[in-house]
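Participant: These protein sequence lines are chains A and B, in that order.
For the first sequence, this note's numbering assigns the number 1 to the initial residue and increments by one for each residue that follows.
For the second sequence, this note's numbering assigns the number 1001 to the initial residue and increments by one for each residue that follows.
Please note: incorrect hints may appear among the correct ones.
What the hints assert, rightly or not - Estimated spans, in silico, between C-beta atoms of each pair:
1. A/54 with B/1044: 19 to 25 Å
2. B/1031 with A/176: 40 to 46 Å
3. A/136 with B/1059: 54 to 60 Å
Derived from the structure by calculation, the hints contain no laboratory data.
All values derive from a computational prediction rather than experimental measurement.
Backbone N, C-alpha and C define an ideal beta-carbon position, used for all residues, glycine too.
Given next are the chains, with one letter for each unit.
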Amino acid sequence: MNDTESAFDSDFLKKLEYLYIVSKKIFAGRIKAERRSTRRGVSVEFADYRNYTAGDDFRYIDWNAFARLDELLLKLYEEREDLHIYFLVDASQSMTYGELPKLIYAKRVAAALAYIGLSNLDRIGITAFNTTDMNRLPTERGKGKIFTVLNFLDQINGTGETDLESAFHNFVHMTKRRGLVVLISDLFDPKGFTAGLNMLKFQKHDLFVIHIIDEKEAEPNLLGDYHLVDVETDQLRPVTINENHIKRYQTLFKKYCDDLDRYCTQREISIVRTMTKAPFEELILRIFRMGGFVS
Amino acid sequence: MNFLTPTSLFLFGLAIPIIALYILKLRRRREPVSTLMFWEQLFKERQTTSLFQRLKHLLSLLLQLLFLALLVFAVARPQFAFITKSARQLILIIDHSASMNAVLNLNPDNPSSESRLDSAKQQALEMVKGLRFMDEMSVISCNTRPVIHTPFTNHQKTLREAIESIKPTDVKTDLKSAVDLAFDVAQTKPNPEIVILSDFQSVSEETLEKFQKSIQQNAAEEEEIQDQIEKIKLHLIRVGEDTDNVGITQFRVRKSIVNAFDYETLLTVVNASNKEKKCSVELYFNESLFDVRPYTLAPGEKKSEIFSNFTFEGGELKAVLDITDALPTDNVAYATLPKRELISVLLVTNENPFLQKVLSVDEKLNLSIMTPAEYESGAKDAQVVVFDRFSPTTLGDGNYMFIYPPKANEGETNPVATWNIGEALETPIITDWERTHPILRHVHLENVLIGEAYEVTPPSTAQILARSFESPVLFVDVTPKRKIVFAAINILESDLPLRIAFPVIIANTIQWFQQSEGIQEYHLHTGEVLRYKVDSQTNSDAQINREEDTLSENSQKILKVNGPGEKSWDVPVENDEILFDQTLHAGFYELTFSDKPAADNEDETTINNENESTNDNEEADEQKQVWAVNLASETESNIGIAEGIEDLLAESDVLGSGSFFRYPPWIYLVFLAVILSVVEWFLYQRRKID
Chain A
1 MNDTESAFDS DFLKKLEYLY IVSKKIFAGR IKAERRSTRR GVSVEFADYR
51 NYTAGDDFRY IDWNAFARLD ELLLKLYEER EDLHIYFLVD ASQSMTYGEL
101 PKLIYAKRVA AALAYIGLSN LDRIGITAFN TTDMNRLPTE RGKGKIFTVL
151 NFLDQINGTG ETDLESAFHN FVHMTKRRGL VVLISDLFDP KGFTAGLNML
201 KFQKHDLFVI HIIDEKEAEP NLLGDYHLVD VETDQLRPVT INENHIKRYQ
251 TLFKKYCDDL DRYCTQREIS IVRTMTKAPF EELILRIFRM GGFVS
Chain B
1001 MNFLTPTSLF LFGLAIPIIA LYILKLRRRR EPVSTLMFWE QLFKERQTTS
1051 LFQRLKHLLS LLLQLLFLAL LVFAVARPQF AFITKSARQL ILIIDHSASM
1101 NAVLNLNPDN PSSESRLDSA KQQALEMVKG LRFMDEMSVI SCNTRPVIHT
1151 PFTNHQKTLR EAIESIKPTD VKTDLKSAVD LAFDVAQTKP NPEIVILSDF
1201 QSVSEETLEK FQKSIQQNAA EEEEIQDQIE KIKLHLIRVG EDTDNVGITQ
1251 FRVRKSIVNA FDYETLLTVV NASNKEKKCS VELYFNESLF DVRPYTLAPG
1301 EKKSEIFSNF TFEGGELKAV LDITDALPTD NVAYATLPKR ELISVLLVTN
1351 ENPFLQKVLS VDEKLNLSIM TPAEYESGAK DAQVVVFDRF SPTTLGDGNY
1401 MFIYPPKANE GETNPVATWN IGEALETPII TDWERTHPIL RHVHLENVLI
1451 GEAYEVTPPS TAQILARSFE SPVLFVDVTP KRKIVFAAIN ILESDLPLRI
1501 AFPVIIANTI QWFQQSEGIQ EYHLHTGEVL RYKVDSQTNS DAQINREEDT
1551 LSENSQKILK VNGPGEKSWD VPVENDEILF DQTLHAGFYE LTFSDKPAAD
1601 NEDETTINNE NESTNDNEEA DEQKQVWAVN LASETESNIG IAEGIEDLLA
1651 ESDVLGSGSF FRYPPWIYLV FLAVILSVVE WFLYQRRKID
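Chain B extracted, bound-state conformation:
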């Protein structure tokens, strides 16, 4: 036993005045009475117990000396080795993933039912309350990313605040990273214990194996501890029970394969329960009810459905599952459909009524027609350029369709041609074509009569889509900056324009040019980082780019992100990119431009350009991009318990309360001293002792 303040032991000297005062005789008051005969009679019996009387006197002295001893020991603050050695370092992992939002007792009459996270936090607070004075605790929250809320401390207020700061999220569970972090942290401590408060609804096999190893090694107490991980005690505390749930596990949007100007939305609903469930899915497009689909789902059944035919203007799509279950988070899913711009198509031809007609009837195209001479004199920007029997002298990046371009004169070379045009063919027959390629989808080229064509040798990077016996008649060549479709037939000299295949091929080609995976960028899972390249946006908008140049170099661009629940964040642009990782809740996240400088003191340049900046801001404020963030996780919707964890839950150590040494020893000593003083006072007042 050691003392933190051993000099306090000198206070034992106070025993001397106590003994001295005790030795001094008591001065009694004189009280006249009319007769002593009753008092004599009364105290006559007690004289026989004089020995006991003396002992009582001694008891009084001993009580006072004991009182002094307890107080002196308390001031000296003793440290007992057995207590210090038993100090624990608890690492508390609290799962706050989406499944922890499930209510414990689903009662429609009581909407404020406690969630699993509430229960976990409550249990954590109880653990904090039960910490002994020498114990330490660290709090880690866990969803997809573990976050250390507080390092090791025994300050109860800090721990309570750390636990209270853990908020519910709609993010998937990844216990492994949190457990790995906890084990890494535990390595540095002599007596670590890891406590996991979770519903364990999705635990990876690797994590299970780690649990298994830790628990089994702790159970074998007599085995010599060799590995550091083996001496880490693991406490698995399950929160919540298996509960019925129906959830949307997939809500993805892509461009329609059939129609490049439409979207296809894939919705998947899962019944993660043992009962048949009936529900309906309501689809809201821009807050207006768009469609309602009833579902009857067998236990464990998963149903998927595709929705299409959305408006050309784009908007926000929301799917709402009309059912009351334990986990409301997965009953709503979000999608965003970007607005589709008209595709600018430039047709360079002298005269081709078929092509002109087929392109002009498509209302999603913005068609321009130029003659080859006009094109050569001044090229016009367009998303798709169709060269009809013409080959330009220069070719930039973009999408081009060449229809029977002329062969270069002998001795000359076509600067833009990566192909070689050979001899003319006489009535070639298309013998084979790629039926699965997007350009030739739904197209039949059998028995097409071709009056004029030539042999062509495509570049090595090309993909041949259709060929005759002699030569390819249709190929595509895709390079990083350029997409080319080459047709080696003169359509005016064939019956192809008269076939249904012709408009289909043209439409397919336009769609193929425009196909990209860009739409996926606007759909994220909760917890994923939202990345946004500012340059890519501003480059497409020349006006914004120009205005950025007018900003001073010191000003930093701020983008404002508005999230669900009317929350908003100012996200600075760094290296022409923003990284936003607060996608913790499902919903729409709207990115708006705000060209205000980050610094409070605007510089002179900014003030001088105030009017211009205001206009810029107004224009910039109109720029926005919406992301749809969804939980969309089948594992989270299945709010049961992971297989293989049940046995581990039973085997894991039960966390001891350790409440006996909750406070340092000096507090107990003071407490004892107070009790002793009360006892001594009571005995004195009752005249049990003199």
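Same shape as in the complex, but just chain A:
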């Protein structure tokens, strides 16, 4: 299978509905705009107090508390709003690597999550990025937009190199409304992943990273003399690989993943790592169960 084939067959569509039902069980009790925002606003549900500062609306001062404590406290209420979920799908050439290309896997994951989001009346936007292009699907709402989403995802091809920082720079400038950013990528950026993720985090987006890797990337089965070819740059590297090299490679790869995990943990970024050999629906369920998708 390659990235030119449709990632969404009839089986996939059946699984989408199944995943939605399962997700409803997980979010049982939630109502419209069912994802609670971290932002405080006007609603009937009390959230917290804070001290009054100049310019605040007097209507929200808790006069009872003032009467008792002789202190101006402002009542905060949880704001109910439509959630904007942005899917950032890595469409670089490296995502085409693997027996089951990572890009296909990424498309399926994005489609599944988007379907569930649309079903929950969230606004869904998708951006496919690489160094050369940035295709955007404006935010859509309603379950009926799922085919628009699927068509968009189907049109994405893996080309170009990975440059997270420049891609996210463009994204944050084109996206004024903050929301949940779901990054689906292998994160193989020679410049590193920190600059790009920092860019999103600094823009107050909620960030959820889905790190997709192929088995051969984690445990390469290479022994002997090779010309290694970088699929993004076509750069050649003559190497003679022995078992010690393989072990050393695995150590380096694990260190990279550990660094990524440590970075995300420190910045309260949810991250989930998967291999393409794992069924995508299991990944979806794992995402819901770990709760990171809903902060």
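Dock chain B against the given chain A, drawing on the hints supplied.
Facilitator: For chain B alone, coordinates are given in the frame of chain A:
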């Protein structure tokens, strides 16, 4: 250094394609990866060691070239002078005498204990295994006769088979002949070494001196070697330890001196140990227990005993020592007692009741009586002829007793008389007699009253046994073909027949006539050659002689010898005699006649005479003679070690194993090459080298 196949060195040309192939660049496979960032990071460190990398490349080439060099040298088969010069020629002497049958560890619960010979052969096989490729070995077995089992060879299988072919025997040791042979063989070799595997339980002084000379000269390395014997290295390897043993060292049979019809058996038992031993000797006569004698033997004590009163029919006698010791061979001894025939005695007399009576009462005699007239008309064959007052006109070969033969008439001469009869004597008195002579043993002739006698002049060859003052009265004359006893008294005119001495003298005379050493011929020591004159046997049996004449000239007579352990041999008769030298084990050897021709294709004459031959065979098969073969050696029974050999054992050279050059150099080269290829393969597979 030389090469057996120097043309093989051209194979070094194979280095050219190896180098050419090495120079060619390696074609690498293209492998797409999603990112190079990990690989770059991985190989970034290794780029700093590019010099080492190049060296590793060179190492790979060098290993391959070395591999080729080793193989080419191996094919060229190099010969190194220092190896060739160090080639040894080993002469291995293995003692397989009777004492080598002694078990090493005497354990009653373990009857299959290893013998000294087994141990010696095992050590010999180890030596064969340790031979270097250029060494040679010759194997000699030794008991009384040395036998070369294989000439010098380095073929291990041949040597092993030669050693395995050495079987235990019950024969005495004679190291000297084997050592002499080994030294003679060693003279022809440049670097000879003699190895002796023995228990050294009996070594002659001469052999010891030879050992001493060889060992001392080898020890003095700086002395200039002048004598060939001095450069022969000698290795004395002792097998076995001093062990207790009790054995029969003598078991001989002879005719009884007292009774010519009986046998006397001398048995000697020796305790060759440092402890007192109690045992019993069981005597079996024709497989039936005949006698049991208990013995208590002090350390080193030797006891002898004589057994007699055996049956007249003869048979096989076996002495078994009822004791378990290290050497079972000398615990059994064998003897054969030939059947005794009745002695035919012819009495020629007109009338002599005393003589008739004394001869007729002896049941071992077959007495015939003839008158002188009858004797003259037709003589009858007899083993002993007694002439009473009669002298025949002719006398053949045989045994004769003349009792007062008449004097020849004047003018006549007695043709058979070798004596001269003189005047008659009146009442002579026997004054002196040979008390030790067999005829007069146990006899007293004092005061014998003699009424009628005469003077006699015996022949010069005669031995006078009894004499009076005037003349001899009894003499014997022994010639190669004739034995004569002459009595110059008329016994009818004396009181001699009334004395006890008379029957004794007559019996003694008959025995004296029949005494011979023939019985010894049927007793041999192990290893001795059994000789048997066929003619002497057949002449005594006229029937067999006649039947031999009926055989065709082309047919060869075969005698079958059955030995102990149900072994049998067909021994051809050559020059009317058989020579049988396979008496290697103690026991009875039975010789039976088999008149079948040696050739497979019987000729017509034989076929025509088939019926007759069958009858002949049946009759011939009944003819047999039994020999008793015994170890009976005190030196073999004493399974200790000979005096004076201990020091030599310590001084003799220790045989080097020489295992380093066990194989030719080319094998080591190939071995190295294989190791090298394995190392190169391993290094390549582990990517230590590219």
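Participant: It remains to establish, for every hint, whether it holds in the given structure.
Facilitator: Tested hints:
Here the CB-CB span from residue 54 of chain A to residue 1044 of chain B is close to 59 Å, at odds with the stated 19 to 25 Å. Taking 40 to 46 Å as the suggested C-beta distance range, the pair residue 1031 of chain B and residue 176 of chain A conforms, at roughly 45 Å. Separation of residue 136 of chain A from residue 1059 of chain B is about 59 Å and conforms to the stated range, judged on CB atoms against 54 to 60 Å.
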